[in-house]
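Visitor: Input sequences plus hints: build the corresponding full structure.
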Amino acid sequence: MRKLLLTGNEAVAEGALATGCNFYAGYPITPSSEIMHYMARELPKRGGVFIQSEDELAAINMVIGAALAGARAMTATSGPGFSLMQEGIGYAVMVEAPIVVVDVMRAGPATGQATKPAQGDVMQARWGRHGDQYVVVLAPSNPQEAHDLTIKAFAIAEELRVPVVVLTDEFVGHGREVVEVSEVAEASSRRVEVGPQEAPFYSPDPRKAPPLPPLGAGHYLLVTGSTHNEWGYRDVHRFETHFKLVKRLKDKVWLNKDKLFMYEVVGDEEPEVLFITYGSVARSAKTAVRKLREADVRAKLIRLKTLWPIDVPELRKLGGEPRAVVVPELNLGQLVYDIERAYNPFEVPVVHYGKVGGGIPIYPSELVSKALEVLKK
Amino acid sequence: MSKAKHFTREYVREEVLPTAFCPGCYNGVVMNALALAFKELGVRGLRNYVFVSGIGCSSWIPSPYIKADSVHTLHGRAVAVATGIKLVRPDLNVVVIAGDGDLAAIGGNHLIHAARRNMDLIVIMVNNLVYGMTRGQQSPTTPHGKVTLTTPYGNFEMPFDIAGLLTHTNANYVARWCVSNFTQLKESIKEVLTKYSRGFRFIEVWAPCITYVVRYEGKTPGEKLKEMREVCVPVSKYEGLSGEEKVKYVAVGVFKKEDKPGFIELYREYVARAGGAHNE
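Respectively, the protein sequence lines represent chains L and V. Numbers given in my numbering equal positions in the first sequence, counted from 1, plus 1358. Numbers given in my numbering equal positions in the second sequence, counted from 1, plus 1003.
Just so you know, the hints here were simulated from the structure itself, not pulled from any lab data. Treat each hint with caution, since some may be false.
Interface residues of chain V toward chain L, partial, derived using beta-carbon atoms under 7 angstroms [claimed, not checked]:
#: 1; residue: Val1084
#: 2; residue: Thr1086
#: 3; residue: Leu1168
Residues from chain V that keep clear of chain L, each with C-beta distances beyond 10 angstroms, as calculated [stated by the list, open to error]:
#: 4; residue: Lys1006
#: 5; residue: Cys1025
#: 6; residue: Thr1076
#: 7; residue: Thr1170
#: 8; residue: Leu1196
#: 9; residue: Thr1223
#: 10; residue: Gly1246
#: 11; residue: Val1250
#: 12; residue: Pro1264
Just so it is clear, the structure is predicted and the values come from calculations on it, not from any experiment. Note that CB positions come from ideal geometry on N, CA and C, so glycine has one too.
Guide: Listed below in structure tokens is the structure:
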């Protein structure tokens, strides 16, 4: 364990290296480029592969090829690049390639404000691809957690053979704090097929991923983004093959939500006002909770580390019985829709507090005022 | 009496035969050239090969017909995925087989940059002159004047000379053959597997879509082959033609043949400079 003064972006890179990441492909884009710079410097020294791709379409597909060939592979990007990577992420879901994609969110749409933070890619991270597909989305709120959740992301990707998105933002990415860096982190090792008798695209246990067979081992592996059966043979006609496949790809993530749903809870057991948020905004919310409690208002924060899958019954249990729920986000309203679904609006109002642009954070004082307003205090 | 097994069967997945290709499709010629090249090189089983393909009829040659590891990617992304595989497993022969639409249109950027990097890949572009799988729309290599679904009044755009384009990059090997040049095609495949076994190696195969080009011209596959024997001329002869004549002919031959170190070797040197060791 070393203590280093790192930005969130550098912490992501350190986490990836600690867990054995040995392949990085990427395209320069603000505000994520420092991850790439770090990997460009460190990977060659360690015998890994770093390649600067011609665009983000290439980056994500190189990463998928590398993962299928046995590497622990990742890329990092931001808004516009993340949009270009969507088709690749969908392909990774379909061929069950274990990859990690970091999106350092900036203000969009389009080029937007390239150097300014935002949280506008939450729904894109979850639903940005066509078709039925499920990935895991993690949201660190400071450099330390950027390091820790990147390690976690690799472990989940390897175990479930699924793309994992680490969703940070410009505040987290460029914020500099002391980070305890792991030298070597335990990453759950990939299940590699032992013999050609195990199907590469089927698991009898829906919570488990099939083993990933190595290339060049004489298994004559068939990998395709078309609908395929458990041995990889294309079947683009029958209902049974398609339904069985997409259901299994969903279940692999969804049935593990008890393990995948991570959070932090602070404040009063039984709050009057409950904040639910994630990422850099959660830091303001934490201060707001403290200030409200100092003013004798019972307040609580649920900080989501996992944005997908969300275990809604668990979330309800964690929140107690608040009089109102406030969901602050650096956007015009994204996660708030999931929270609304968790509560009966006739009993508990769920209020969004959002703003974005100019690099202006949501200040704790704003959240205190909002809480007092919704509680009519 | 035992029936002798056809030599191609060693290299194809027999359980998926017959192929889904249209009767007379020249994809069979490409498969045959590959199989014969492997046989003549004494390749027994393709376990050291990974075939990577995109979307389109020719991408089905390796997925699922060739008996080897095969990765069937998104439309246009074969070269990018192949790059990722090769960088992690430089010990494997990584071969991309895809069409003109896949490699020259939607995947064009990946193609030219892999050539610029002299990435250690073999890329076989089966140029059928249209988007065959989606019923024959104009592709970047559709000849001028040709009627397709999306150029119903005749193609007024000029086609891409992809082999010509790549000749002017850092690629090691660039060739173009018509399916009527079967022996030369097979020899080219052997060459990029042996004497020219590193860097970016590109073979364009002129193989007009049997359904949406040849049949629409009212020709049989055999008649079209005969025509190609006239039309596909060695590049030396092609250079001597006038501009007007050139439109009617296709230049074939090996346009470029070098044996510079490819990306993998240069990356190994780079890694050594940084103090590491790549894949050792």
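Visitor: Against each hint, give a clear statement of whether it holds in the structure.
Guide: Here is what the structure says about each hint:
no.	hint	verdict
1	Val1084	4 angstroms, holds
2	Thr1086	5 angstroms, holds
3	Leu1168	15 angstroms, violated
4	Lys1006	24 angstroms, holds
5	Cys1025	17 angstroms, holds
6	Thr1076	7 angstroms, violated
7	Thr1170	20 angstroms, holds
8	Leu1196	16 angstroms, holds
9	Thr1223	30 angstroms, holds
10	Gly1246	33 angstroms, holds
11	Val1250	32 angstroms, holds
12	Pro1264	16 angstroms, holds
Hints 3 and 6, counting from the list given before, are not met by this structure.
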